[in-house]
Amino acid sequence: MTVLEAREIEKRFGGVVALDRANLVCRQGRITGLLGANGSGKSTMSKIITGVYSADAGEIHYHGKTVRYRSPNEAKLDGIAMVFQNLSLVADLTVWQNIVLGAEQASGLFLNNKAAIEQSREIVEQLLPGLDVRRMVHELNPGEMQIVEIAKAISEDPRLLILDEPTAALEQAQVKSLFQTMRELVKKGVAIVFTSHRLWEVMEICDDVVIFRNGRNVADLDFSKDVKDPETIVSHITGEAGKAKTERIRRRENQEIVLRVSNLNYGSFIRDVSFELKRGEILGIGGLAGQGQHELMLALAGNYAGVAGEVELNGKKIKLNRPASAIRNSILLVPGDRQLEGLFLGHSVFTNLIFPKLGLKAQPLFTPENKYRKEAADIVDVLSIMTHNLDMPVNSLSGGNQQKVVVGKWLAFDTNVLLLADPAKGVDVGAKRDLYDYITEQVSENKMSVVLYASDNEELIEHCDRLLIMYEGQIVASLEGDEINDDAIVATSMRVR
Amino acid sequence: MKNNSVLKRLISNPDFSRLLILILMFVLTAVLQRNFFAMRSIVRNIDSFMPLILMTMGQAVVIISGGLDLSVGTALSLLTCVLTSVMRAGVPITGLYALVVTFAVAMAIGAINGVGIGYLRIPPVIVTFATSFIWLGIALFLRPTPGGETVDWFQAFYRIRNIETAPAFLKAFGEIIPPSLILILIGCLVWWIVSRTRTGRYIYAVGGNSQSAYETGINTAWVQMKACMINSVFIFLTALFFVGQNGSGDARMGDPLTLKAIAAAVVGGIALTGGRGSVFFALIGALIFSFVSKIIFFANIPNAYQTLFGGLIVIIAIAASQIYTLSSRRTGQESKLT
Chain A
52 MTVLEAREIE KRFGGVVALD RANLVCRQGR ITGLLGANGS GKSTMSKIIT GVYSADAGEI
112 HYHGKTVRYR SPNEAKLDGI AMVFQNLSLV ADLTVWQNIV LGAEQASGLF LNNKAAIEQS
172 REIVEQLLPG LDVRRMVHEL NPGEMQIVEI AKAISEDPRL LILDEPTAAL EQAQVKSLFQ
232 TMRELVKKGV AIVFTSHRLW EVMEICDDVV IFRNGRNVAD LDFSKDVKDP ETIVSHITGE
292 AGKAKTERIR RRENQEIVLR VSNLNYGSFI RDVSFELKRG EILGIGGLAG QGQHELMLAL
352 AGNYAGVAGE VELNGKKIKL NRPASAIRNS ILLVPGDRQL EGLFLGHSVF TNLIFPKLGL
412 KAQPLFTPEN KYRKEAADIV DVLSIMTHNL DMPVNSLSGG NQQKVVVGKW LAFDTNVLLL
472 ADPAKGVDVG AKRDLYDYIT EQVSENKMSV VLYASDNEEL IEHCDRLLIM YEGQIVASLE
532 GDEINDDAIV ATSMRVR
Chain B
882 MKNNSVLKRL ISNPDFSRLL ILILMFVLTA VLQRNFFAMR SIVRNIDSFM PLILMTMGQA
942 VVIISGGLDL SVGTALSLLT CVLTSVMRAG VPITGLYALV VTFAVAMAIG AINGVGIGYL
1002 RIPPVIVTFA TSFIWLGIAL FLRPTPGGET VDWFQAFYRI RNIETAPAFL KAFGEIIPPS
1062 LILILIGCLV WWIVSRTRTG RYIYAVGGNS QSAYETGINT AWVQMKACMI NSVFIFLTAL
1122 FFVGQNGSGD ARMGDPLTLK AIAAAVVGGI ALTGGRGSVF FALIGALIFS FVSKIIFFAN
1182 IPNAYQTLFG GLIVIIAIAA SQIYTLSSRR TGQESKLT
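Protein chains in written order, with the numbering used here: chain A, 52 to 548; chain B, 882 to 1219.
Don't take every hint at face value.
Here are some chain A residues pointing at chain B (derived, C-beta under 7 Å) [what the hints assert, rightly or not]: (1) Lys127; (2) Val141; (3) Gly153; (4) Leu250; (5) Trp251.
Just a sample of chain A residues kept apart from chain B, beta carbon distances all over 10 Å, derived [said to hold, decoys possible]: (6) Glu56; (7) Val68; (8) Arg78; (9) Ala142; (10) Asp143; (11) Leu144; (12) Leu160; (13) Lys203; (14) Gln231; (15) Gln306.
Derived from the structure by calculation, the hints contain no laboratory data.
Remember, predicted model here, so these are calculated numbers, not experimental data.
Note that beta-carbon positions come from the ideal geometry of N, C-alpha and C, so glycine has one too.
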């Protein structure tokens, strides 16, 4: 039975066409994958269905009647719930307060908090056993926040559930339990729309897929009839004929040590971490989500003043107690959460690209605007950042291109160590390839040294020369060469071995 | 074991430092003010603290909802002018009319600020800065110079014993529990009720992250408007006290309270970014603020330096609680990551 049908939806933001006569059909008891590169209009479609945006043209039929929601509240009353990509949580409230937010039950005049806590605990227990619902949301790590966001949508007991990239911040085990929950919901007759950039997830969970490119439908595949072929899907998404997976090149061994970290400690996040990074090497950091990897990256970038331990760069002792000292030593960070850490979202591409320069000591009194503009234009060229011009605000770019700007802002510097903290989080297949191609090239040609933390094991397997696995703030395993495979990573992450 | 962890949690609570500061201020005042514990001084102190306390609590509600109200001072003045314009001396029933009319005006004030902040999405500072002149203009129109008429029983909001016709037991009651304290308790009760309803939760949600709140299906504009109207209730209560005390309306009397209330809210741990803080701790902030002025008054500091010292003490109080907060957290970066 068709639950929802969106027909010929059009939506423009300013001059940019986000959706161009796009269609989407969801059926009861089925999981529909909504796929496409960043900026292809997936999120826009979801937000139109839930009433966050209103469509310029087209119609939506929901349970047989034409609907046009003017606010998320109206959609919710009709049983449509959405998990937002950029989370719709209020950091200053507790987990359970967030889960029941907007749907609080009152007994008499006052809110029934006891029932709300009980209900929240029940839902959270399915997804992530052991998460205390009384904790404040701002104390949680990104994976836990994502779980809370999902729990919030499920608590509304929806008939149509839209999950917009719910797995980007989750580790494998959490994804599995999410899938388990999704299957149970489907059995109860819920229709689900699922968006993800990880193909294996789509392959595993979806019954059919709809693929968008540049706001249009390019393919509708029903897995009960059509073949499940990842290559075809990728080619639909990127619009390019199936490219052979880039063969992984093992780089030549180089013994020169660039960065030596010994006995690094920071609270309970980082405990006695020691490692060496060689020139022209990509050193991976893996493990379950939230085991201190993110904190380790931030510590190396000088974000924690209270970090203890010794760091040597090219044989010279350095202090990393301020971001500025890391940058002056050319240890540069590309943070994963570009929306929060890497960019000034409302500012132009140009401003973002030149900003690190302004922090240098030798900076002329007046900013040489023309010179910098030329340099910025070069960077845009080199990284093939898709933007109309340099003055576009960064938040008008798609996620992948935003991430390229984060990388681009360090290009003018001589890099000793590049720290990549989950750089491809929420970045589409094409942009991800561009990004890693560029970094691999820098590593093999300019002998750049990279520390890469990725939540997706596939990225680690594909790019790392060596891989360190972290568990509860400690390094528990080091994998090299052919040892770097999915089985080994999972086994060491869970401390099976 | 359990006791230990309760104590630990209390100490690690950032609000603990505010309580410590309050106790310190209290002790200092008690030492400096003669007869601090005499009934008369206690009543007088409550009287002099009461306007700032209520105004701070009201302001705190608006700040938590993500707004800021620069018009509270002139709104207070306007309400005193409305009260004294409706009342006719010697006609007791006009006092009742005045209460109803003024309450309606107070709600209208909140609603207008709320429409500007919530529905028109004009920055709160701009809206309320503009409306503050509108309130002042109307107040000056009603009462170009301080004055106006009141009914006799209106003094019940200040000193029951001043009403000659009041029964003796009420007079005695008013000596023990002054009307100003009752007004504060009414204010606390109002917030206590609101904080246990959806509205209370939504005020925090909207102030904490209005986009998320909207996507969750909360009518954010309406919530912000309600926050402004709750603020109006507190202003209204304060106006009753002023008219009871002075027996007149004054278009200029409320001005100094505006910024004091904001500062006191910050001392009480209300984050100006919205979504964080407790209205009852705003009350404590107002108390700290009030004790500071008492201390300065009684410490025989030369007149010329009183304002200077007042400012310094407030800054030290805020900085102390800030440092305490940072050091008791696990990491200083936590707030940055969220």
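Right, here's what the structure says about each hint:
This hint holds: A/Lys127 has a C-beta 5 Å from the nearest C-beta of chain B, less than the 7 Å allowed. Interface restraint check for A/Val141: the shortest CB-CB distance to chain B comes to about 4 Å, inside 7 Å, so the restraint holds. The restraint placing A/Gly153 at the interface with chain B holds, with a minimum CB-CB distance near 4 Å, inside the 7 Å limit. The restraint placing A/Leu250 at the interface with chain B is violated, with a minimum CB-CB distance near 28 Å, outside the 7 Å limit.
Proximity of A/Trp251 to chain B is violated relative to the hint, the smallest CB-CB distance being about 29 Å (cut-off 7 Å). For A/Glu56, the non-interface assignment is confirmed: its Cβ lies about 23 Å from the closest Cβ of chain B, beyond the 10 Å cut-off. Taking the minimum C-beta to C-beta distance to chain B, about 23 Å, the non-interface status of A/Val68 holds against the 10 Å cut. The claim that A/Arg78 is not at the interface with chain B holds, since no C-beta of that chain comes within 10 Å of its own (minimum 25 Å).
Not every Cβ of chain B is farther than 10 Å from the Cβ of A/Ala142; the closest lies at roughly 5 Å, contradicting the non-interface assignment. The claim that A/Asp143 lies off the interface is violated: its Cβ sits roughly 4 Å from the closest Cβ of chain B, which falls inside the 10 Å cut-off. Not every CB of chain B is more than 10 Å from the CB of A/Leu144 (nearest about 6 Å), against its label as outside the interface. Some Cβ of chain B comes within 10 Å of the Cβ of A/Leu160; the nearest lies about 7 Å off, and the non-interface call is violated.
Non-interface status of A/Lys203 relative to chain B is broken: a Cβ of that chain comes within 10 Å, the nearest being about 8 Å off. With a least CB separation of 25 Å from chain B, A/Gln231 remains clear of the 10 Å interface cut-off, as annotated. Interface exclusion of A/Gln306 from chain B stands, the closest Cβ pair being 35 Å apart, more than 10 Å.
The structure is inconsistent with the numbered hints 4, 5, 9, 10, 11, 12, 13, although it conforms to all the rest.
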